[in-house]
Amino acid sequence: MENSIFELQYALDTFYFLVMGALVMWMAAGFAMLEAGLVRSKNTTEILTKNIVLYAIACTAYMAIGYELMYGGGTFLKDLALDGASSAELLGEAVLAESAEAGFAGGSVYSNASDFFFQVVFVATAMSIVSGAVAERMKLWAFLAFAVVMTGFIYPMEGSWTWGGQSVFGLFSLGDDYGFSDFAGSGIVHLAGASAALAGVLLLGARKGKYGPNGAIHPIPGANLPMATLGTFILWLGWFGFNGGSVLKLGDIASANTVAMVFVNTNAAAAGGLIAALLVARILFGKADLTMTLNGALAGLVAITAEPSTPTPLVATMIGAIGGALVVLSVIALDKLRIDDPVGAISVHGTVGIWGLMAVPLTKAEASFTGQFMGLITIFLWVFVTSFIVWLVLKVITGIRVSEEDEYEGVDLSECGMEAYPEFTKS
Amino acid sequence: MENSIFELQYALDTFYFLVMGALVMWMAAGFAMLEAGLVRSKNTTEILTKNIVLYAIACTAYMAIGYELMYGGGTFLKDLALDGASSAELLGEAVLAESAEAGFAGGSVYSNASDFFFQVVFVATAMSIVSGAVAERMKLWAFLAFAVVMTGFIYPMEGSWTWGGQSVFGLFSLGDDYGFSDFAGSGIVHLAGASAALAGVLLLGARKGKYGPNGAIHPIPGANLPMATLGTFILWLGWFGFNGGSVLKLGDIASANTVAMVFVNTNAAAAGGLIAALLVARILFGKADLTMTLNGALAGLVAITAEPSTPTPLVATMIGAIGGALVVLSVIALDKLRIDDPVGAISVHGTVGIWGLMAVPLTKAEASFTGQFMGLITIFLWVFVTSFIVWLVLKVITGIRVSEEDEYEGVDLSECGMEAYPEFTKS
Amino acid sequence: MENSIFELQYALDTFYFLVMGALVMWMAAGFAMLEAGLVRSKNTTEILTKNIVLYAIACTAYMAIGYELMYGGGTFLKDLALDGASSAELLGEAVLAESAEAGFAGGSVYSNASDFFFQVVFVATAMSIVSGAVAERMKLWAFLAFAVVMTGFIYPMEGSWTWGGQSVFGLFSLGDDYGFSDFAGSGIVHLAGASAALAGVLLLGARKGKYGPNGAIHPIPGANLPMATLGTFILWLGWFGFNGGSVLKLGDIASANTVAMVFVNTNAAAAGGLIAALLVARILFGKADLTMTLNGALAGLVAITAEPSTPTPLVATMIGAIGGALVVLSVIALDKLRIDDPVGAISVHGTVGIWGLMAVPLTKAEASFTGQFMGLITIFLWVFVTSFIVWLVLKVITGIRVSEEDEYEGVDLSECGMEAYPEFTKS
Amino acid sequence: MKMITAIIKPFKLDDVREALSEIGVQGITVTEVKGFGRQKGHTELYRGAEYVVDFLPKVKIEAAVAAELVEQVIDAIRGAANSGKIGDGKIFVTPIEQVMRIRTGETGNEAL
Amino acid sequence: MKMITAIIKPFKLDDVREALSEIGVQGITVTEVKGFGRQKGHTELYRGAEYVVDFLPKVKIEAAVAAELVEQVIDAIRGAANSGKIGDGKIFVTPIEQVMRIRTGETGNEAL
Amino acid sequence: MKMITAIIKPFKLDDVREALSEIGVQGITVTEVKGFGRQKGHTELYRGAEYVVDFLPKVKIEAAVAAELVEQVIDAIRGAANSGKIGDGKIFVTPIEQVMRIRTGETGNEAL
Ligand SMILES: Nc1ncnc2c1ncn2[C@@H]1O[C@H](COP(=O)(O)OP(=O)(O)O)[C@@H](O)[C@H]1O
Ligand SMILES: Nc1ncnc2c1ncn2[C@@H]1O[C@H](COP(=O)(O)OP(=O)(O)O)[C@@H](O)[C@H]1O
Ligand SMILES: Nc1ncnc2c1ncn2[C@@H]1O[C@H](COP(=O)(O)OP(=O)(O)O)[C@@H](O)[C@H]1O
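Chains as they are written, first to last, in the numbering used here: chain D, 156 to 582; chain S, 156 to 582; chain X, 156 to 582; chain H, 196 to 307; chain G, 196 to 307; chain V, 196 to 307.
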């Protein structure tokens, strides 16, 4: 009967992982809608194509090699089906032995396949961050080629040093030596995505017409704000899976309570970020800026992601609010620096990802500012440098930017040959 | 080992609450899409802003004070993390003691944080109802100010008298004295939202051009029906959480079966409401009216919300169908009365909310028509009167209505300075 | 205490079923968005109306009679509430007896109501397939009449022969005699929907202007690709419920692990299908075709649906990839044959549904090509012939096609009297 | 015959159409346009950066009318479209040499 | 040179364009417009309240052509756009005083 | 007074508007149009079937100006809109017989 209890715990924890993973998968739709809403309509088909194809590429590359690099599970997940056991019965025995050792309230025991499912949707998230920043001017196929390297190699490597527990090229261990702590990936996922995006944007340059002489900045409004808002709601919902699933275990009182707290704090931080961005934009610009407000909610979510389990709801709200305020300032600052990021991805995931990491020691005794800093610098350097090289190679070989004329006509025609809203007359 | 079973039950019930809560949170997106689809495009950015900001306000105000008023959990949820225990261990002990007392098949025992999460998304729902009814003419910041009072005070007060079990100003107890019964909130959430909306609409007046002389009614078609349809599907999905989670317990046979029945009946009522509205509109107008059909589905959902666990699926379908028929008539009637509600929120949530409450005694022996009536009148009076006062104060201090010229130009420009679909030419 | 364990297992399995069912319900929104994005804007209101009304009809007809035909549960589900028991207590006893007999790791025991909920959303899926194929020219009310027969009779009959285990008119048994195996319904749901669609399309003819003289094909681009992409993401998410729920049990190690594998394989196949379609379209057309890419993802999902539990992730990716390649070729071929299917439903669900069924023996020893073929031919013949008759009867009685003039003006006006995007000027 | 072209504020469209109907103008053609003129656009901020929306939404009305009706038509349009505020728009009169009703082939004033 | 302006039903656009190409008209400019005329709009109901959709979708075609081609162009448009049903539209001929091709600066008939 | 109508490439709109402002043209009206001309459209594939997108997005600018300004306006437009590539567009000059500012009732050159 004890075994039945372990079986139920395994089933419950596996199910929890799958449901949380499905929510994270849904974030892919959120990024697609957010980005499609914030670009011009002549570049919409391409951003949609990028977003859905990168999700497929992430799933395939991570299955082929990424998961092996990060956690070691064999290429192509060859032993996933029964966690390496030769029959369902032996799988059961192995699991029960593991459970007995871990103890009911101990480390989590769940299906390896559910772990892969949960991990793989994270990879896609990291990559989705990039697509928005390079929107409206990058070649489709160069982007997709980058996606293969990012999801199959760059991300898994830094993932192996953090969640994977490996040492960084045998030099040092972020976890053991520095106590680096990143609950659900403010750094590992979000800063990583933003670093790759930054490298791409620097090599790519700004969209034509975005910056004029004498520091003039010409806004390029997004074509469809309802879509951008829908995308934000989707991301908000998906984030419950992102953070909630990162507790990794549900099946005892302490774990279940932690998962619930993570839900509450994730929601509180998003709300705080949204309100702060709304107010800061109101003060700076004298009006309610919907796009900043949306960015603020996402900033709140990114900020809390590094540690959603230890703050009180009030503190979570404040961590989110600081993220929301930061994102407004960061968007303005990047524009001043002429770093053109159509959707604000570098600010939301990069700037605020850093804030999220550095905020961990405020509520978690085990974490230190030095350790957090070591982690963020490692992630940033690795992802930025390798991405820069890959983008550069692509630039040399195939080019990464569409021609000026194609940019005027819209990349939908040049890259996809298909308009997102093709109708001229309605009848 | 018995403790392990209680732990699993706690984990399962907490998880169930969180998943249901996430579905209800998703309803916020549903309201945003529904309302954005049913207004004119010149007022779309503002309605999106209202919807996403009100969600953040609801989460923050309810955390700060609302939950304390309604259920008493301390301001800012200060003791939420460990349900007031001083360590995870003591939390575990306290929970196990509680479970032992309740018994396996007894009252539900789950994480307090999950309860807050589930409750807070209800608050947002109530407030979302308001935004649609006052659309296209209300000042953004006045609306947001109202949202703070509604979610921090007005709703929590009536919530405390119903689900919170408190007596109404020490005068009488809806539950103990009248057996008032409102399973998931046809009255407590939906009628409440509609009452606040009605107060606002009465003070605000109709949109310019909606009503002409001699009783003429000039329709103002919504700009984007796919979005309105998406919103309805989102709400339908979210409602499984709304009603399904209101069973409050999943972890034994009787509870699990009840949750399943609630899903079936919720779905059946929505289907019934949809079909009835489709047919009634067909008979009255001679055509299939999509917007009425969407309202019909929502009406079915509102109608069954007061008691989704006792009817058979056939009866649930019929309760929903009556709601669907009612909503069509109510929309027409309100238009005759020149009460201008762009999305039909007062009809869907108010008129049909009343029907839902009054239908409870039909399938639930413990409920009485008198008791239900007492409840609905208490909710309506409280919310309507307090809302009216708050709207009035806002009207006097800041004004609640935009200028006629701003209304012609669209509130997107005057209130948000940003068009939802800003493009003139595609290139 | 053993009973408590059974109770928890029942609760967990019921909950799992409900969550998976909710995901499948969400697919109805996916079909609505996909189809609304792929038609012209003048036909958008009607396709939305069809999609949401057919969902309601499916729920009602299947409740009234379909479930009884397929699994025998009484018309109108009259005994659903307590699984036929006369009290909650007796229900509990009956369930525990059933569980004891099945054993902890044996057949699944869950709430009958959750089973109905899961089954009913499948019916709607089958019907949704039809609406896309007949879009832009079919009369609304004829379509709805067909939906009643399809969901109340045609689908339940073939469902009874397959998942219901009944013999085909007393002639032979697909399961017992042929070992026909269709895990989640590549044939039973998808091919069935496609067969009904094909019958409709043949009787209906192509849209005006789609085919010219001398084999000319005039593309009619979909009006809103972001919506079509959103629809695809929704379907992808919902499919985790579709396939994941079809394991039917979660509550022991082997089952939970299978559910997790099904999630992984479902995702892998979709990714494979997407990439294959992208590449095949690139090779054939020289460009990235977003609509084909979307179809490819869905094709991958349909392909793996017949057996997502036995392949390794690599094999699942390949099964999906073949589906994705097939769908591109099938779309082209159907166009050559002048079978006009605006959204590619017949290719995605029919052609690839067949591939899915025939691929089962590749990874599942118990299945045979003959058996699979018998199943598919039975399903196809039954659904195609009965559907053809029903469409024909409708054609004779009421007509199924709108007038040429209405088709030019758009069916939104003639069938619904309401434009999806009615605005002329924004102000 | 003359073509009367008027650029007006969008929300005046219905009034103008009614005013024209009343004096017997049986057909008009309407186009959604953007206008740039004395009425200044507004300065907006998008994510912190300023931009000027110079082009304001306007509606263009075209009515071909018999030469003798011109003054009456101008008066009707002006009466309905005038709000006294800047940006109310313009009326242009241009010559038409020939008109034909596609359906019947009628020409001249009968074709209007 | 003359400007031929035709208001036609949207679904006739391709036919008209082809007819014009056939007689050698090398360029046209097309605008989406709404028309109000003898062809009555339909009465719709939105949520139970009636409204008249007076303005029907039309397409405006403008082709600048040499004066001598005018009759031929009119015939071509009429031939392609005429369905014999009310609302088929109108053709207007107006004078052009000058034309220039922006790219080359050519003027007169060469610029067309 | 003359009406100057120019069909240009959409992305030249801002340049043209500025060029016109500089020479004192105070008002213009802009319409989104589709053009068919020497500049060939592109052939696209939709789900494997070919189709030709003949109509390219263009912008139509209309400016009513005093007769004496015509040449200057033409030059300004040409200067700003000319990219030397096919499809740069056309400029048409047509007569206006009368102008009125709706707000004030002014007519003639004052009304521009
Ligand atoms: N010279 C012109 N040529 C063409 N259109 C003009 C001209 N001047 C003004 N317009 C149109 O008339 C509209 C109103 O003009 P504006 O100068 O703003 O105000 P007002 O009509 O009160 O003088 C402009 O938005 C523009 O569409
Ligand atoms: N006098 C007019 N001036 C400008 N446009 C007109 C005029 N009369 C008709 N039109 C345009 O022509 C279209 C068709 O005209 P209508 O009177 O409906 O039918 P018909 O062309 O058969 O006489 C109208 O919708 C309108 O766009
Ligand atoms: N004869 C014409 N009448 C009206 N518009 C024309 C005519 N010729 C060209 N246009 C417009 O001018 C645009 C550019 O013309 P096109 O022949 O493509 O190139 P170019 O201006 O370089 O000669 C066309 O897209 C069309 O809108």
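Be aware that a few hints might be false.
Derived pair list, reagent style DMTMM-like, types lysine to aspartate or glutamate, alpha-carbon separation capped at 20 angstroms [said to hold, decoys possible]:
no., chain 1, residue 1, chain 2, residue 2
1, V, Lys235, D, Asp332
2, H, Lys280, S, Glu578
3, D, Lys519, D, Asp332
4, D, Lys363, D, Glu578
5, X, Lys363, G, Glu263
Covered stretches of chain V, as calculated for chain G (at least 3 residues, CB under 8 angstroms) [claimed, not checked]:
no., stretch
6, 199-207
7, 226-232
8, 247-254
9, 273-279
10, 283-292
It is worth saying that the hints were derived from the structure and are not from the lab.
Values in this document were obtained by computation on a predicted structure and should not be read as measured data.
Glycine is no exception: its CB is placed at the ideal position from the N, C-alpha and C atoms.
Problem set entry | Per-stretch coverage check for the stretch 226-232 of chain V, three Cβ contacts closer than 8 angstroms to chain G | As far as the stretch 226-232 of chain V goes, the hint holds, because 7 residues have Cβ atoms under 8 angstroms from chain G.
Exercise. Are the Cα positions of Lys280 of chain H and Glu578 of chain S separated by 20 angstroms at most?
Worked result: Status violated; Cα separation ~26 angstroms.
Exercise. Taking a Cβ-to-Cβ distance below 8 angstroms as contact, does the stretch 283-292 of chain V have at least three residues touching chain G?
Worked result: holds (count 8)
Exercise. Are Lys235 of chain V and Asp332 of chain D close enough, with their CA atoms no more than 20 angstroms apart?
Worked result: Between Lys235 of chain V and Asp332 of chain D the Cα gap is close to 65 angstroms, so the pair fails against 20 angstroms, i.e. violated.
For this session: Would you check chain G against the stretch 199-207 of chain V, counting CB to CB pairs closer than 8 angstroms, and say if three or more residues qualify?
Result: It holds, with 3 qualifying residues against the three required.
Exercise. Hey, Lys519 of chain D versus Asp332 of chain D, does the alpha-carbon distance stay inside 20 angstroms?
Worked result: Holds - the C-alpha atoms of Asp332 of chain D and Lys519 of chain D are around 17 angstroms apart, at most 20 angstroms.
Problem set entry | 8 angstroms C-beta test of the stretch 273-279 of chain V against chain G, three or more residues | holds (count 5)
Exercise. Has the given pair, Lys363 of chain D with Glu578 of chain D, been kept, meaning a C-alpha gap of at most 20 angstroms?
Worked result: The given pair, whose Cα atoms are some 26 angstroms apart, is violated under the 20 angstroms limit.
For this session: Compare the distance between the alpha carbons of Lys363 of chain X and Glu263 of chain G with 20 angstroms, and conclude whether the hinted pair is satisfied.
Result: violated (37 angstroms)
Problem set entry | Proximity test - 8 angstroms, beta-carbon atoms, the stretch 247-254 of chain V to chain G, at least three hits | holds (count 3)
When held up to the earlier numbered hints, the structure conflicts with 1, 2, 4, 5 and fits the remainder.
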